[in-house]
Amino acid sequence: GAVVSQHPSRVICKSGTSVKIECRSLDFQATTMFWYRQFPKQSLMLMATSNEGSKATYEQGVEKDKFLINHASLTLSTLTVTSAHPEDSSFYICSANIRQGGSYNEQFFGPGTRLTVL
Amino acid sequence: QQQVKQSPQSLIVQKGGISIINCAYENTAFDYFPWYQQFPGKGPALLIAIRPDVSEKKEGRFTISFNKSAKQFSLHIMDSQPGDSATYFCAASMLGYSTLTFGKGTMLLVSP
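Protein chains in written order, with the numbering used here: chain U, -17 to 100; chain G, 92 to 203.
Bound-form chain U, shown alone (with noise of 0.2 angstroms):
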């Protein structure tokens, strides 16, 4: 089965800090990853679409000076959170896009990055 990884599973940080989150398709190769943001009980939000590259797509409100996202490979994808600040504490999660055939498309979720900003 396809498979996604995240990098840290967890962290903590310092307000003001930067932190970086990896995603990788293991056994297959993503054109397009998501990022998702979840907070507790809650349904997961996307964040952005990024496209191996080309520069990510944005949902709206979401600021992409803050969460930079770097689609580096067919393979990885990065989200940096800058200056982190304790309102950005939440569950991240990536998923990486498999198209199959007569165009449609499977997406695999990675184990997700819980981030706590003090």
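Hints may contain errors.
[As the list claims (entries may be wrong)] Below, in silico cross-link-like pairs of lysine-lysine (DSSO-like), each with a Cα-Cα straight-line distance of 27 angstroms or less:
id : chain 1 : residue 1 : chain 2 : residue 2
1  : U       : 48        : G       : 96
2  : U       : 23        : U       : -4
3  : U       : -4        : G       : 133
4  : G       : 96        : U       : 23
5  : U       : 23        : G       : 133
[Claimed, not checked] Distance ranges between label pairs, derived from CB positions:
id : chain 1 : residue 1 : chain 2 : residue 2 : range
6  : G       : 107       : U       : 37        : 43 to 53 angstroms
7  : U       : 4         : G       : 118       : 31 to 41 angstroms
8  : U       : 27        : G       : 118       : 15 to 25 angstroms
9  : U       : 52        : G       : 132       : 24 to 34 angstroms
These aren't lab readings, by the way, just hints derived from the structure by calculation.
Glycine included, each C-beta is placed from N, C-alpha and C at the ideal position.
Please arrange chain G on chain U, whose structure you already have, making use of the hints.
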């Protein structure tokens, strides 16, 4: 505007019972409907998915029923087990597009 409405918000089922979660969508351009299972502190895992050319898909104890005219689809978990206790999300996407629209989720608790 929420395009996929999911109910119930939470569900308690006895072991061995049937768990039923319902979703309704508004956008008739949606034509791929996956269900995801998420355990606390973990990422969602694709459970089962259906396309509109069939009305039902079964994989083990999990069945999706799809009603195109009513714009509704549901997940049935037969012989529910305590290990099925998790949050379930329905989702939808359009042909050729990879972006998923998620429901708000259902917290399922299967009591022993």
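Right, here's what the structure says about each hint:
1. 48(U) - 96(G): violated, 31 angstroms
2. 23(U) - -4(U): It holds: about 25 angstroms lies between the C-alpha atoms, which stays within 27 angstroms.
3. -4(U) - 133(G): Satisfied, since the Cα-Cα distance of roughly 24 angstroms is no more than 27 angstroms.
4. 96(G) - 23(U): holds, 16 angstroms
5. 23(U) - 133(G): holds, 13 angstroms
6. 107(G) - 37(U): 43 to 53 angstroms: Distance hint for residue 107(G), residue 37(U) holds at roughly 51 angstroms.
7. 4(U) - 118(G): 31 to 41 angstroms: holds, 33 angstroms
8. 27(U) - 118(G): 15 to 25 angstroms: holds, 18 angstroms
9. 52(U) - 132(G): 24 to 34 angstroms: holds, 26 angstroms
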